[in-house]
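Chains as they are written, first to last, in the numbering used here: chain A, 1 to 224; chain B, 225 to 448; chain C, 449 to 710.
Keep in mind that the hints were calculated from the coordinates and are not lab data. Treat the hints loosely; a few may be bogus.
Said to hold, decoys possible - Below 25 Å or equal to it, Euclidean Cα-Cα: the simulated BS3-like pairs (lysine-lysine) are:
no., chain 1, residue 1, chain 2, residue 2
1, B, K323, B, K272
2, C, K686, C, K706
3, A, K99, B, K323
4, B, K272, A, K99
5, C, K512, C, K535
6, A, K188, C, K574
7, B, K293, B, K323
8, C, K574, A, K106
9, B, K293, B, K304
10, A, K48, B, K323
11, A, K80, C, K574
The model shown is predicted, which means the values in this text are computed figures rather than measured ones.
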Amino acid sequence: MTDDVTDPIPRDPSPEQEESLFEAPPMGEQERMVEAILFATAEPVTVKELSGRMPHGCDPAEALVHLRKRYEGRGVALMKVGDAYAFRTAPDLGFLMQKETVETRKLSRAAVETLAIVSYHQPVTRAEIEEIRGVSVSRGTIDQLIELEWIRFGRRRMTPGRPVTFVVTQTFLDHFGLESARDLPGLKELRSAGLLESRPAPATGEPDDDEDDDDDQAEMFDEA
Amino acid sequence: MTDDVTDPIPRDPSPEQEESLFEAPPMGEQERMVEAILFATAEPVTVKELSGRMPHGCDPAEALVHLRKRYEGRGVALMKVGDAYAFRTAPDLGFLMQKETVETRKLSRAAVETLAIVSYHQPVTRAEIEEIRGVSVSRGTIDQLIELEWIRFGRRRMTPGRPVTFVVTQTFLDHFGLESARDLPGLKELRSAGLLESRPAPATGEPDDDEDDDDDQAEMFDEA
Amino acid sequence: MSDTNTDPVIDVSDRLAAEALIVDVDGFEGPLDLLLSLSRTQKVDLRQISVLALAEQYLSFIEKARDLRLELAADYLVMAAWLAFLKSRLLLPPDPTEEGPSGEELAAHLAFQLERLAAMRDAAAKLMARDQLGRDFFARGITEDVTRTRRVTYTATLLDLMQGYARIRTKDEFRPFVMDRESVFTMEEALGRMRGLIGFAGEWTDILSYLPDGWEMDPAKRRSATASTFAASLELAKEGRVEIRQSDTFAPIQIRRKSDDG
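Model the full assembly from the supplied sequences, consistent with the hints where possible.
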């Protein structure tokens with residue numbers, strides 16, 4: 001027993017040495033692999049998916065760092081979208097792509113505002129959206145945003161009636177070139193101005209969801 | 225050796241340059257443009273198309289040369305497809321575009337029975353298999369067993385129509401741990417092992433498999 | 449003269465105002481939207497807005513709409529009533545005995561709502577002004593699908609194999625007929641064939657004409673088919689479905705359908 005421990009010359013291969021039989025490819029190779037995988041698809045790919053497709057022992061997260069640097073200033077850029085990555089053409093070259101431009105259905109003012117409210121206030125209930133806009137939200141507006149895969153159902157609010165909430169999706173982030181919802185323009189300013197709060201109306205005495213809201217927003221945005 | 229960029233002596237403007245109102249973007253920019261166009265276009269792009277989409281005075285052919293060099297040894301390569309260009313996955317990384325999941329399934333009853341008949345009666349024609357099973361044998365079943373490399377085509381039977389016969393393979397023997405198909409227990413043994421109901425075989429004049437089979441199998445295995 | 453001249457002028461301006469109002473009311477998304485729009489006329493930061501002035505603007509707007517007999521949605525009227533109440537609270541000195549929030553609190557909340565709505569409008573505009581996928585930046589055009597090859601390996605054990613064989617062989621033992629020769633036409637088959645054909649045989653027909661195609665030439669096949677067809681004829685005669693006759697020894701055997709009334 002003690003011999004084994006104190007023996008200065010390791011005779012048997014250690015578990016690590018055995019594992020190294022299947023050594024991961026060099027980082028340069030891993031970078032190439034990530035590059036190939038991301039080039040092959042139009043959808044953002046998560047680190048987990050990359051791991052699953054690359055040989056055992058690869059570290060796609062590190063390869064992504066190298067790759068991102070490599071594409072800095074190029075005609076295509078490596079973008080982070082939520083917890084996934086995708087190559088996208090550099091925005092300053094959009095003028096070359098008239099042929100590729102997809103005519104998107106023009107969103108109504110109601111839809112654009114609802115989308116903004118969901119993205120800045122998420123998770124947000126329909127009642128809260130209506131309270132902010134001061135009008136009822138038509139079913140079609142929500143449907144359209146869900147169909148575009150820009151918003152989806154979030155967790156139910158733990159308040160009476162357990163209302164559903166809405167949150168934005170990875171597709172939304174991808175579409176607007178956002179790494180995360182925290183990168184929404186002017187988010188910090190709006191927060192510090194208290195404009196993302198859902199204050200109760202003083203007269204009504206209606207039970208409002210504000211406390212929950214604050215919790216959710218804290219969860220969502222305070223992590224960073 | 226001086227190159228164009230560091231050349232201290234300004235060269236005379238060519239007639240083309242004088243003509244064009246707007247100077248062509250620097251080659252680095254042109255390379256970015258070609259990169260973005262090739263990345264985003266849904267099919268390979270010709271030099272002519274590139275010219276048409278890039279600002280006046282650009283030289284996409286030269287940009288392509290630079291770009292091709294830049295992508296040498298990368299995870300994607302700039303390939304010429306006919307007289308057009310496109311990015312493609314580096315040939316050595318094609319394996320990343322495949323995801324193999326192995327699923328083990330139990331062989332269907334039809335396949336097991338067909339296999340059993342081939343192993344006990346080889347070489348056997350399809351018509352004979354059908355005769356023994358009492359139902360027709362689907363092409364899929366035979367194909368599956370051939371694909372599994374458990375049966376293969378034997379010699380054609382020297383009877384009218386010269387039907388093909390099927391025999392079992394070495395892979396089959398290995399899989400089932402048999403030295404030869406002759407090691408398979410006969411009907412009597414199956415019966416005594418409780419695998420058959422102990423009912424006397426009807427006097428249909430059916431030859432006991434052993435003798436007949438021996439002949440055929442001799443034919444089959446003595447070759448090896 | 450002057451009277452008659454001035455009246456139509458007022459009428460015209462009123463009508464124009466009314467038309468503008470119709471358009472405006474239609475263009476607003478509810479009272480809050482209208483309030484926000486009215487607040488812009490104060491040309492101050494929304495934080496320094498005079499809610500009292502705003503309430504008065506709104507109420508006069510609603511009054512005008514009523515004078516012009518415009519149909520106003522209920523929520524515009526609810527807001528008008530609420531703003532009238534707010535106005536009175538803001539104008540009257542606070543009554544300490546009165547319960548509920550003060551006019552200032554109510555005004556502050558309204559101001560907050562307006563500011564929040566304005567902020568969201570602004571945010572929406574900024575969002576839509578961002579570079580967008582498929583408009584300003586683009587995804588990969590030529591995509592390569594990941595081919596999901598699902599390799600299925602099949603397994604069977606020796607026991608499966610033997611049991612499978614045993615199953616077939618056991619089944620054989622219960623089968624009354626085994627088609628174990630290529631040139632055997634079973635009575636079952638003959639019966640099946642004749643049952644299908646006999647309906648048409650109103651006239652006496654040689655049973656040999658019932659032999660299946662391709663069985664007439666090869667002697668072994670012909671023998672088997674003849675025997676089974678004959679046996680099947682007897683079976684059908686026994687069932688009372690055909691009549692059968694032979695004029696002489698070795699003469700052709702003929703059958704015909706037994707007529708229903710016969």
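Here is how each hint holds up against the structure:
no., hint, in the structure
1, K323(B) / K272(B), "37 Å, violated"
2, K686(C) / K706(C), "11 Å, holds"
3, K99(A) / K323(B), "33 Å, violated"
4, K272(B) / K99(A), "15 Å, holds"
5, K512(C) / K535(C), "18 Å, holds"
6, K188(A) / K574(C), "14 Å, holds"
7, K293(B) / K323(B), "30 Å, violated"
8, K574(C) / K106(A), "16 Å, holds"
9, K293(B) / K304(B), "13 Å, holds"
10, K48(A) / K323(B), "14 Å, holds"
11, K80(A) / K574(C), "20 Å, holds"
Checked against the numbered hints given earlier, this structure breaks hints 1, 3 and 7; the rest are met.
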